[in-house]
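The chain contents come next:
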Amino acid sequence: MAQKEITLLKGNEAIAHAAIRCGCDGYFGYPITPQSEVLETLAAEKPWETTGMVVLQAESEVASINMVYGGAASGKRVMTSSSSPGVSLMQEGISYLAGAELPCLIVNVSRGGPGLGTIQPSQADYFQTVKGGGHGDYRLITLAPASVQEMADFVDLAFELAFRYRNPAMILSDGAIGQMMEKVVLPPYKPRRTEEELIKECPWATTGRKGLRKPNIITSLELRSEEMEKVNLRLQAKYKEIQEKEVRYEEYMTDDAEYLIVAFGSAARISKKVIAIAREQGLKVGLLRPITLWPFPSKRISELGKKVKGILSLEINAGQMVEDIRLAVECNVPVKWYGRLGGIIPEPEEVVEELKKMTV
Amino acid sequence: MTQEIIISGFGGQGVLSMGKILAYAGLMEDKEVTWMPAYGPEQRGGTANVTVIVSDEPVSSPILSSYDTAIVLNQPSLEKFEPKVKPGGSLIYDGYGINVPPTRKDINVYRIDAMDTAAQLNMIKVFNMMVLGGLLKIHPVVEIESVLKALRKTLPERHHHLIPLNEEAIRKGMEIIQKQL
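Chains as they are written, first to last, in this note's numbering: chain G, 5 to 364; chain Z, 50 to 230.
Some hints could be false.
Claimed, not checked - One-sided excerpt, in silico: chain G residues whose CB lies under 7 Å from chain Z: (1) Glu186; (2) Lys187; (3) Val189; (4) Arg273; (5) Arg344; (6) Leu345; (7) Gly346.
Stated by the list, open to error - Restricting the straight-line Cα-Cα distance to at most 25 Å, the calculated cross-link-like pairs of lysine-lysine (DSS-like) are: (8) Lys133(Z) x Lys361(G); (9) Lys154(Z) x Lys135(Z); (10) Lys69(Z) x Lys135(Z); (11) Lys276(G) x Lys135(Z); (12) Lys135(Z) x Lys174(Z); (13) Lys276(G) x Lys133(Z); (14) Lys69(Z) x Lys276(G); (15) Lys154(Z) x Lys174(Z); (16) Lys228(Z) x Lys202(Z); (17) Lys340(G) x Lys135(G); (18) Lys133(Z) x Lys174(Z); (19) Lys360(G) x Lys228(Z); (20) Lys276(G) x Lys288(G); (21) Lys202(Z) x Lys50(G); (22) Lys228(Z) x Lys135(Z); (23) Lys174(Z) x Lys360(G); (24) Lys360(G) x Lys313(G); (25) Lys135(G) x Lys313(G); (26) Lys288(G) x Lys202(Z).
To be verified - Calculated Cβ distances over 10 Å to all of chain Z for the following chain G residues: (27) Glu49; (28) Ala180; (29) Lys276; (30) Val337.
Worth flagging that the hints you see were computed from the coordinates, not collected in a lab.
Beta carbons: idealized from backbone N, C-alpha and C, even for Gly.
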């Protein structure tokens, strides 16, 4: 098989193919629209016959995330995927993973809520993802793909970051990116790590000590408050380091922009069309697309906020990221939100109208 | 060049697969392509539509409010998408089951009676390819050869003997439209 292949895939299918190719050891999941193609594609590809990757349909999302906990505790590259209501079910496990400092990948191909909501696309899980859907002071490294290509590319990147910082990583996508098909160059095959490589990379993992080292204990429980505060301080120091080193974003036509759209994922794709239409009408608009939602590109947004007359946060939700933008610019520039709810995706023309309202 | 196309009809008419083959054919020509289905609790007989964008440049929004070309295969789709064709754009509709035909004068309207033709020629299973042929006659978005390559790539091998039938349907669709040009 060729190492590099150009093909036409759904975003969900790209996640599955990328997982097999980046040396993932195990996937545990439970079907839910609009992300079921992840598990379906893995089942069809049968990676257990080729790379040895385990693929398991668990009995529930709660089981999936706890299987991820088990796999991650032994240093394996393990992942799960779901959509909004399923990810809500996983929150206890995610908090435990963060508390026990276990690297793993969770993919959320989000849909409209609250509750069972709709199966149509939505970005309303922004708060849940970056503010901590589970309990306690923890953070998830969060990547927001805006194309099928990024769905493929971010799987390996998420694992790399997760292992570098011993922290769970999330890919926050939505039903539009998950369901659409685009041209994608799949990454070359990377072999799964051998046991020796794993022990070298993860000296903390429960790999069986055979009497040669001190036991490794994986837990998020510490009943002594003084010790638990130390754990928390260590976590906070780690989060600070991630905020300093791992902010990622894309800028589009910001050089001469008088107005700035901040948007992620599918909303960022819509924004590029909005910018084309707005510029035809003489309105100089640019885009800042956060690629990492946490850590958030606050510094760059603050800098751009000093150059523009206004910022529009385009989100497919009722206005969540807009709060982080306002914090970033410290009220130095007007920040407005626009979005649609309930699974409706805003159309480019209606966003252009919102931008025009900002100019008067 | 960018072509933004909406294909809409009943579930089961091959709307999504027509779009997929078009997107795949674009890929064969190294173009940028996006295929965005209106997914949902769809079923045979319900509505189905897909946006296909074929471009020489990276595709921006997969969600559009207006289209260069609309291909509509039933009355509800006609009502929904006729107003969304850009002025000067094209509307291709199948006459079968259409009670209220399109009325806009600022777009190019083509009627393709692929449903009736396919039924007469006993080619109902490749009805969608006939419609695709009609599109390619009006807008050669991709070469026929690329469509055939796409079929070879997307169809399981046991169905490859049906590729000539698909090609015949594409050419038939082109013939129907040719008469209106």
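Hint check results:
no. : hint                  : verdict
1   : Glu186                : 5 Å, holds
2   : Lys187                : 6 Å, holds
3   : Val189                : 11 Å, violated
4   : Arg273                : 5 Å, holds
5   : Arg344                : 10 Å, violated
6   : Leu345                : 15 Å, violated
7   : Gly346                : 13 Å, violated
8   : Lys133(Z) x Lys361(G) : 24 Å, holds
9   : Lys154(Z) x Lys135(Z) : 12 Å, holds
10  : Lys69(Z) x Lys135(Z)  : 23 Å, holds
11  : Lys276(G) x Lys135(Z) : 19 Å, holds
12  : Lys135(Z) x Lys174(Z) : 31 Å, violated
13  : Lys276(G) x Lys133(Z) : 20 Å, holds
14  : Lys69(Z) x Lys276(G)  : 24 Å, holds
15  : Lys154(Z) x Lys174(Z) : 33 Å, violated
16  : Lys228(Z) x Lys202(Z) : 32 Å, violated
17  : Lys340(G) x Lys135(G) : 21 Å, holds
18  : Lys133(Z) x Lys174(Z) : 29 Å, violated
19  : Lys360(G) x Lys228(Z) : 45 Å, violated
20  : Lys276(G) x Lys288(G) : 12 Å, holds
21  : Lys202(Z) x Lys50(G)  : 21 Å, holds
22  : Lys228(Z) x Lys135(Z) : 24 Å, holds
23  : Lys174(Z) x Lys360(G) : 49 Å, violated
24  : Lys360(G) x Lys313(G) : 12 Å, holds
25  : Lys135(G) x Lys313(G) : 28 Å, violated
26  : Lys288(G) x Lys202(Z) : 43 Å, violated
27  : Glu49                 : 16 Å, holds
28  : Ala180                : 6 Å, violated
29  : Lys276                : 4 Å, violated
30  : Val337                : 25 Å, holds
In this structure, the earlier hints numbered 3, 5, 6, 7, 12, 15, 16, 18, 19, 23, 25, 26, 28 and 29 are contradicted, and the remaining ones agree with it.
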